[in-house]
Structures are given as structure tokens and as C-alpha cells.
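**Student:** Go by the hints and put chains P and S onto chain V.
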Amino acid sequence: MSVPVRSELQRVTLTVNGAAQELEVEPRWLLSDVLRHQLGLTGTHVGCEHGVCGCCTILAGGRPARSCLMFALQAEGLEIQTVEGLASADGTLHPLQEAFRRHHGLQCGFCTPGFLMAALPFYRTAEGMSDQELREALAGQLCRCTGYAGILQAVRTASSIARERGQA
Amino acid sequence: MKPAPFAYHRPGSREEVDQLLAQLGSEAKILAGGQSLIPILNMRLASFGHLIDLNHLAGEPAEPAVAGDELVLGPLVRQAAALESALVAEVIPLLSQALRHVAHPAIRSRGTVVGSVVHGDPAAELPAAVALLAGSVRARSRRGTRPILAAELWTGALENTLAEDEWVDELRLPVRKADEGFAFEEFARRSGDYAICGVAARVRAADGELKAAVAYLGMGGLGHVHALPPVAAEEIDGPGLHSALTEAVAELDPGDDLHASARYRRWLALELGLSCVSRAAERALK
Amino acid sequence: MTTKLFGERVERREDGRLLTGAGRFTDDLAHDAAQAAFVRSDFAHARICDIDVSGALDVAGVLGVYTYDDLQGGFAERLPLLIPHRDLKSPRTQYALARNEVCYAGEVVAMVVARDRYIAEDAAQAIRIEYEPLPVVVDLEQAVAVGSPLTHSDAADNVAAHVSEMKGDVDGVLGSAPHVFKWRFRPERSASMPMEGRAVFARYDSGQDTIEVYDSTQAPTGIRAGLAELFELDWDRVHVIAPDVGGGFGVKVMQFYPEEVLVPWASRQLGMPVKWTEDRREHFIGSNQERGQIHDVRVGVDAEGRILTLDVRFLHDTGAYCPYGLIVPIITAAQLPGPYRLANYRYSFWSVFTNTVPVSPYRGAGRPQAVFVMERVIERVAHELGLDSLEVRRRNFIQPDQFPYDVGVSWQDGGPTVYDSGDYPGGFQLLLDSLGLDGARQQQAEARAEGRLVGLGVGCYVEGTGIGPYEGATIAILPDGTVSAATGLSTQGQGHETIFAQIVADELGVPLERISVTTGDTRRIGFGVGTFASRSAVVAGHAMLRAARSLREQTAKLASTTLEVAVEDLVFEAGAVHVRGVPEKSVPLGRLTLVSNPLRYAYGRDARFAAELAQRAYAKADRPLPEGSRPGLSALEYYSPAAGVFGFGMHAALVEVDRRTCNLKILRYVIVHDCGRIINPLIVDGQVLGGLAQGIGGAFYERIHYSPEGQIQNASFMDFLIPYATEIPPVELHHLETPSPRNELGVKGVGEAGTIPVPAVIANGLSDALGVPIDHVPLSPEELFQILHREPA
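Going line by line, the protein sequences match chains V, P and S. Each residue of the first sequence is one higher than the one before, counting from 1 in this note's numbering. Each residue of the second sequence is one higher than the one before, counting from 169 in this note's numbering. Each residue of the third sequence is one higher than the one before, counting from 455 in this note's numbering.
Same shape as in the complex, but just chain V (with noise of 0.2 Å):
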């Protein structure tokens, strides 16, 4: 086999939690490999590499996306949300969050970062879902630890959380 060329640097503009980047990539360089070790957002996790765990979901404007999916030239105007935007800037958990943490939705916490960038585009209409409708929604990503259970319950009540701070 002949040895593969190094291709060039080129550059992407993209929004990541609300603030511009411009970064210089290779077009191989996939968008997970670039939030974690170019812009140091190590929250977005890697774990097959072919889009069937989702811990590297986030989501691309508006939308879930598995990271390792995308190479993040294709990123190119995009806005991208990664698990560090979640949270408000001091440091309250968003009610997604401060759900999983109440009801055990997670151990090792690798796969959690892509469970709350999956649900966080739906959680407000999880309460009155099934739980057959539930599970079907969180499909997609893989968790090892939890059986499932916290995190269900999690993602059903989060909204209750977001309506006692708003009554508070």
C-alpha cells in the first residue's frame, strides 16, 4: 500500500456553546476528536466510533448528532452545544442535570453527557409520555452502568424541576 498523505490544515467557522471559533483542521479531523483535544471540551466522550453508543452526541443546530459522525469541517456555520453549555454560567445545573444527579441516572458518567444532549431537545414533553414512548425517545444510546432506570426517571421528571424553579 502506498503511505496516505498528510493532507492540509483548512479552516472552519463554527459557533460552539455560544461563542465563535475559527480552527484550522484537517478534513479527516472528526468534529468529537476537535471539541475534545482542539478546543479542550473533553465532555462530548468517544465510545464506538460508529455512531451506535451516542456518547459523543451533541447537538448541531438544534438537532442530536453523534460527533464522531461529522468531520468538523462539515461543521462549517454550524451552532453546536456540547454537555459544558448545559449548565447555566454559575454553575446551576440545568434541570436535566439536577435530575440525573437525583435520581441516580448515572455511574460511570461516561455515556451522560450524550443522554442529556439526546433528551434535551425533548425533555419537556417526557412527563407525559409512556414509558414504552420513553425508552423508544433515549434508544440510541448505549449505557453500561445504570439498567436504564435512573435515567428514565430522570429525563420523565426533569421538567418538574424546571417548573419548581420557576415557581421558586
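Worth double-checking, as some hints may not be accurate.
Unchecked claim - Listing some non-contacts, in silico: residues in chain S with all C-beta distances to chain P over 12 Å:
no., residue
1, N554
2, L604
3, H606
4, R752
5, R795
6, D877
7, G1035
8, G1058
9, L1067
10, Q1069
11, N1117
12, Y1155
13, L1199
Said to hold, decoys possible - So the derived label-pair ranges between C-beta atoms look like this:
no., chain 1, residue 1, chain 2, residue 2, range
14, P, A302, S, D486, 51 to 61 Å
15, P, A302, V, E24, 27 to 37 Å
16, P, H224, V, E24, 14 to 24 Å
17, P, L426, S, D842, 32 to 42 Å
Quick caveat, the hints were computed from the structure, so don't treat them as lab data. In this text, a Cβ means the ideal position worked out from N, Cα and C, and glycines have one as well.
**Tutor:** Just chains P and S now, kept in the frame of chain V:
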């Protein structure tokens, strides 16, 4: 699991894509949603000198639209957009039904309908649905455009009839007629996995008679539609359907693999086919 | 006294950082470190004829390329046999880089270090290895047959060890028993599959001649000691830290995997930090697996289903190497009797090499197999004799007044297997009551009347937990009144930072949020064993208790002088020492730390106080630090249990086979679980429910498929089917708390419990639903189809 190097191209228009493909030919691969392609690249099961990323084509519609009696999907209509589209649910309910089984939200948000159709995985939902609908794609190149009937697009698993300089910029699906009913069923080991067996069914009700057709996925072939002999409306659940489907299933050539034997798949094909056709018939008669 | 935290459903201390992306897993560190990639054997068995690395050396950005010939000294020797055993006559461990022969597909042959992982993979791909393929053996029975291909070409056969033990008179009773049955059971191979793979980051400092290693391991202390020996460095010059670890489940308890030696070695070779983060494909072919066994059982019973004797011969697949010795089959053998009285029991196992990924414990560690065999035996006995299998269980349970109960064979620590406490009939009754047996049976009968295939499955187990040799804990009170505790074992999600803090909080009267717990950092405590065998809460928990108690005594002594009251009159509460009955008289713990530490320099507000202490002492011509005392308040204690402690549990499931799809549906799942006194119910529930999900994976979804050529056919998450939330049923969970009399807190381990009986429960339920014996796991829709639709002969 990191991809081998490649040159990245970000064309801004369909014409630029034509141009690039004309230059690069077989060295190049089109990258749309990337949800099937990038895993393969990450595992280095394949590598390409050039990737042509469609995601930044200017002015491409994000939603499907109706033109005449067809639904038109551009190359950047995501599976999620099509699934959430009330228009799609109304005019091509089968597409919505099939999309529900496609992977998971974080995949559908990137994956495109056209991309999945062109990719041509025999275990994927969309090729079977599109085949049953007798949809067509528009292949284009610097040389011009040509329509290809879905059934003539695929030559085998992950193989198609596109020339080296061609790509697909459009999928057209005929909208549902008043007398048509559709259903989609699938069995997979886990929610969102590729199908062990799946079936799409269309039933047309006319003059008290029902004409059913089915297309299978996970059963080896790609793009084959089985038209079943017509039956009287009241006999849709009768032995006629059973024997017609049994014949259709006998034509399938599923292989044995880790998750299922051919014999089991045939069983599933018959069972899923029966209920799927019956549900489609109910809808056709409504 | 502050409200006791032991037993409280306390939210976890570790969650804050893990929820915000601030956790620090090994790959989160050192983004500019050089990165390693490995070339792994494509063949399951081959001779290495030639390795041509020139292509790799040509890749721009490559820093080093290594093969066996580059290794020297201890690095060129076989990796250690971790747990030797007198009967392990032919042990084999692998070289860090393969020497001449590879014995499984995935064995590490060459190492590349490059500027980044992308380049490292480019270079690895450019290395050319010429192999001469050798005969391959994968099948366990074939491996022990005469004339089998050899896993290792220079071995006489494939048997690593043969071990046998007997209690009572098995042959005699088999000869006289009213009924004797013979059956075969086959649990197949699976894998731990944590979401984070393994990872190692090493930084060698040539100026200091020190090495610091971050390792996603369950046992950093052992890695440290082992690396010190290989590098010929003092222990003080080698430190191993297990930072946040993304799940372990056994697979990360090895010492060593080749990469754990090679990454630090390459860091020294190159004089730069080197990191390796295992990818999923590497994990499938390069990280240990477990579960494959074949059991041949003879059982002698009376007409009432009482088991008079059990004779078990089994083959244990140890893969290509046996670095973990015989622990897994020994556990299988010792735990097979479970909660049942067996007066006459014999086991005989052969640990067998095959050309597959090496085997070491995976959550449950030989127990899921044992419970599967025993529970299937119970079901089949009941079936043969026309008895109710629930009643057969009751007739055979060890009774609450029979503890301590001696199983009569050796335990994994070398001592006898003696259960400390339990209430098996009570647990079983609770299970059936929780299930609502009559209702469940009626539901089943109604479903069957409708032609549905519904079955009830039950499984009971005993789990030996909390084994030694020991763990340690060090605790200090800091000047600001916070408490800093550390233990040597590491954490992979078990909530150690919380439960150990609960223990310490109770002893010292300090609020939980003022206590920090560090695990798995040899810079804090170098002695320790590791996180496995459901041992952390028991062993490290008691080390924490002892250290906290010792610290309390020390603190009380100082407070007694400071407050001028007797030690007996002191109360520890809310972070201070109070005089009983005199609310205004108290001293904060942090202040006592300052008192203990007279200073020369007033470098801060608190230090000014301490400097004054020193001056006052000199003014009185006293020593600032009285003879026999030392600055600071801290304690270091160890706990070494004399024997393990035995938890137990019972699961029941109502299952259905869908006639259309032949798929499994779990209609109900009920768990009764007893791990002695519960430190934190939130965490115990999580451990059991998480274990259950892994058990369901093991029962119906997850199986490592090997081709006859020794290639894993499903080395991806597309085909190795870890259940999503959609595949796991809601679970009803009930606890019993039978305290262990063997330790002060009365605790037993819980980490593995939930996983252990699940394959047995599902197989029993499916056997009941389908009316045929199901004697292997994992199952699949394909197999249920084959049972329902047997091909005409």
C-alpha cells in the same frame, strides 16, 4: 478508528458538484448525511482520495415539497425533516412509517433520505419503501440529467448504476392515491437496528377488489416489488393472501447470518407480510 | 450526634463534575501527547516470519515504531501470571509484543507512536507482517480432544490446569440415589464492554527518573508496583493514577495488558508523554472476555426432589492465555451449589486454551455460569419428578439456622467457602409474595388459554463478596475544617466518593459536603488491591471506618487538652468538637489541625494563629510540638478480612415468546436482593438494576461469535448487541438486609449481584413458556424460532 486522509471539497452549487465529479471520477465520493459512509471511513473499510460534501450547497430545500402528483426530496432533506413533515405523512404515509424505523434521532438528524436510497443497503428501510412506491431518482452530471427508476438504480447491495461522474440530486415519489393504503412493519434485534426482516405493503382498492404489493428488506434482495394477485375485499385475510405471500417469500433469497437464518427470515417475512398487507388493506378501504 | 448518613439515600458527590463535562477520563488529559496505535495479529494462530516497518517509518509525524526485538530486560519477558495456583501446571501469558508466534487474532505485534492518532493509524497500516498460518482451535470440546490443533505450537496439549475437589461421597450416593440424571449445559462467551475502552497516558521524566501513568484501570496499585519492577525504579518514582474511569465490569482489572507496559516504556524511550486510547475495534479483539464453559452434570435426587449429590465436570475456556490464573473456574465451582444444601458435591474442571482473546473476570466472574447450571438442574429435576420447581427449591435451601455454612470446597482466596449469613427461604418467600405467585400463575394460565407462550422463570444465587487481602484508607482534617480521604482502589462508577464519605461523616461528625474522597491515586496511598469481586464497600469501607475512628481518637485527645475536658465528654458534630451539655464550648476541627501544627511563618490568616502557638510555647520554654505528637491530624489504617462475606438474591420473571416474531418479551421482572446492611440505597439500587441490564444482555443479546478460524464475527456495536433502554424491562426491586456477622458495619458487596442469575431466570422462563429444556445461553430469537419450528427430520 480514524479515517485515512482525503481531500475535502465543499461545493456551493449542484453545478460545482457536477464539475468536481467530472474531474475526480472514481477517486471521489459524495458525502451527504455521512451516517453510513463515515463509520466505514472510520473503520478504514474504505477510503477515498476526495470527499465532496453536499452539506453546503446553497439554496437547497430542507423540506420535501409536492410538485404535481409527486413529492420531491432534494439531496439535503434529512430523514428527521421528512419524518416530522406533516406533508409527508399526508401524501406519502409509507415514507413516514418507514422512517420511524430508521436508526435513532441523532442519526436521522444528519442522515438524508436521498443518501440512504442511493447507498442501497438491502437491510435499510428507505430503499424498500421507495421501490414499493415506484419512486425515481434524478441522476445528474456535467453531461446532463436522467431519471432512474428506483428498481433500476441498484445492481446489488451497496451497488448502483450511477456512472462515475453522476450523483443524485433528487428523489421523486408519487403521492398517495385516494384508493391506496400503506403499511410498514419490521423486526430488528434492538430498537433502531437494521432489520432482520421488514416489509412495506401497498394495497389498492378498486371495484371491491384489492391489489396488494410488497417490498422486503433484510431479505437479501434490493428493489424487488412483489405484486400479489388481486383478491376480493372481504377475502383479504383469507387463505389467498397467505398463499400469495408464501409464493412471494419463496422468491426471496435471504442468507444466513449471525442474527438470523434464512429459514427464520422467511418465517418473519410471511408473518410480517400478512399483518402488513392486512393493515394496508384496512387503510385502503377507509 | 449529627444525623447518621449510613443507610441514607444520599445523592452522589461525584455527579456534579460528571454531569457538566468536567469529569476527567484518561483521554481527556494531555491533548498534545504523542499517540500510540498498535498492529494486531490478523490471524488467530500464526508464526511471524517477517515484520517490515519501513513503510511506517516513512510516514511524516511518526516518532517511533517498535517490535519485540526492541524490548529489553523485563520488558522482553512474558507478562506476569497474576494469580498462580498449585494446579496450574501449564500457565501461559503473552509477551508485551508478540515474539515469533501469535495465538489469537488481536494479539499485539507492533507499536507505533506518532504525533496524533490519525497518523499513528496511517503508519500502523503501513507495517507489513508476513505470517505463516498455524492450525487454529476455537471449539472448547475440540481443544481437549485427542489430536486437536494446539493453541501454542510448543505445548503438549491445550489443558492449562485440571482441578477437582469433593465434599462427601459422590460416587457412593450416585450409586444409591433413587434417581440419577445426566445433563449438559453451555454458557457461551461474552464481554464486559464498558462504554470507555481502556486508556493509558504515561509521562516519563528523565531528569527526575520518575514515571507518572494515568490508566483507566480497576487496580492502579498493582500496576504501579509492577511497573516499578519492570523499570527497576523505586516505588516512589512510579505513580499510577486511575482518574475517572468509564466503567470496568472486570475487564480493566488486569495487570498488565500489553499496552499498560508499552505506553510507559515508549514514553521513556522517546522522552516524551505518550497516550493510547483504545478504540472499540481494539476493545473487541484486544481486551479480555469471559463466560465460555461446558458443564456435564450428574445429579442424584430422592423422590421429593432433594438433591443428594451433584457431580459436575466442566471445561473452562481461558482463551489463548491465562494471566488471571484459575480464578474464574474456581469461582464457578465454589458458587455452583448456591443457596442449596449439597452434602455430597464434586467438581472437576479443565481450564483450556483456545486461539481466542484471553479470559479474565467479567462482572459475575464465573457465577452466571454456575447459577445457570444449578438453576437449570433444579428445574429439570422438578420436571423429571413431576414436582413444582419452586417447592424443590424450598426443600433444598440452606436454612437460616445453618450459618455459618461450609460449602465444602475451596474459595478463590484459597480458604474454605463458608457462608456467613443469609435467609434464603425468607428471601424466596418475599420474591414470590412480591411477584404475587397466584396472580402470576393465573395470568400465565389465561395467556396460555389464548394460545400465548408465557412462562415463569426463577433463579437464586449466593455471591461471595468482599475478599481480601486488604485495603487501606488515609484521612486528614485540613486547616479549613474539610476532610480529605483516600483509598488505593479505583472507581468506575460505583459511587465510592459518596459511600466512603458517608462512613467518614458519621465517625467525625462532619457534613458530607466537607469531605472529599480520592480513589485510585498511588500518590495518595500506595498500598491497596483493587476494585473487583464486589469488595470495595466491604474492605475499603472498613479501612475508612478504622482510619476515621483512629483520626477521631487523635482529634479527641487534642480537643481534650485544648478544651480542658475529658475525652468522654466530647461530642463530634457539625464539623466541630463540642463539650457535652455546654453548647458554647466547642472547637472546630480545622482549628484543631492548626493547634496540632505550630508554625514559624504566619503565611496566612490561619497560620498566624499557629505561629503564635509556637511563640507561646517557646515563651514557656516548651517544645511547640510535644514529644510523641506530630503536626496535622491524619490517620492511615488498613482492613484485612479473614474471609469473604456472602450476599444473595432471587429473581423472577414472567416472559413471553411472541409467536409471530419469536422474540422474547419480559412481562414482569422482580428482584429480591440482600447485601447485608445498605450504606446508600440509591447506589445499591443502581448497582442491582445496572447489573440486571447486563444480565439481560448476557441472557439474550450479547455473545462473542467466533468463526472456526478464530475471527470475531461481530466486533462492533452493530452486531454485539448491548441492549438499549427499549430492550430492558421495568424492574420491581425489593431489599432484605441480613447483616454480615463478619464485619462491624454488617455490609456485603453488591457490585456484581444483579447480573448473576439473569441468564438462568430467562432460560428457565423460556423453558417454561416453550415446554422444552433450554440448556445454553445466551439465547436469541433465531433459537426460539428453531425451537418453535423444528425442521422436519
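**Student:** Work down the list of hints and note, for each, if the structure agrees.
**Tutor:** Cross-check of the supplied hints:
1. N554: Non-interface label on N554(S) holds, nearest chain P Cβ at 28 Å vs cutoff 12 Å.
2. L604: holds (28 Å)
3. H606: holds (29 Å)
4. R752: The claim holds: R752(S) sits with its nearest Cβ about 33 Å from chain P, beyond 12 Å.
5. R795: holds (40 Å)
6. D877: Non-interface label stands for D877(S): nearest chain P Cβ at 38 Å, farther than 12 Å.
7. G1035: Label holds. Min Cβ-Cβ 62 Å, cutoff 12 Å.
8. G1058: holds (49 Å)
9. L1067: holds (60 Å)
10. Q1069: holds (63 Å)
11. N1117: violated (7 Å)
12. Y1155: violated (7 Å)
13. L1199: holds (40 Å)
14. A302(P) x D486(S): 51 to 61 Å: For D486(S) against A302(P), whose Cβ atoms are near 56 Å apart, the range 51 to 61 Å holds.
15. A302(P) x E24(V): 27 to 37 Å: At roughly 48 Å between Cβ atoms, E24(V) and A302(P) fall outside 27 to 37 Å, so the hint is violated.
16. H224(P) x E24(V): 14 to 24 Å: This hint holds: roughly 18 Å between Cβ atoms.
17. L426(P) x D842(S): 32 to 42 Å: holds (38 Å)
When held up to the earlier numbered hints, the structure conflicts with 11, 12, 15 and fits the remainder.
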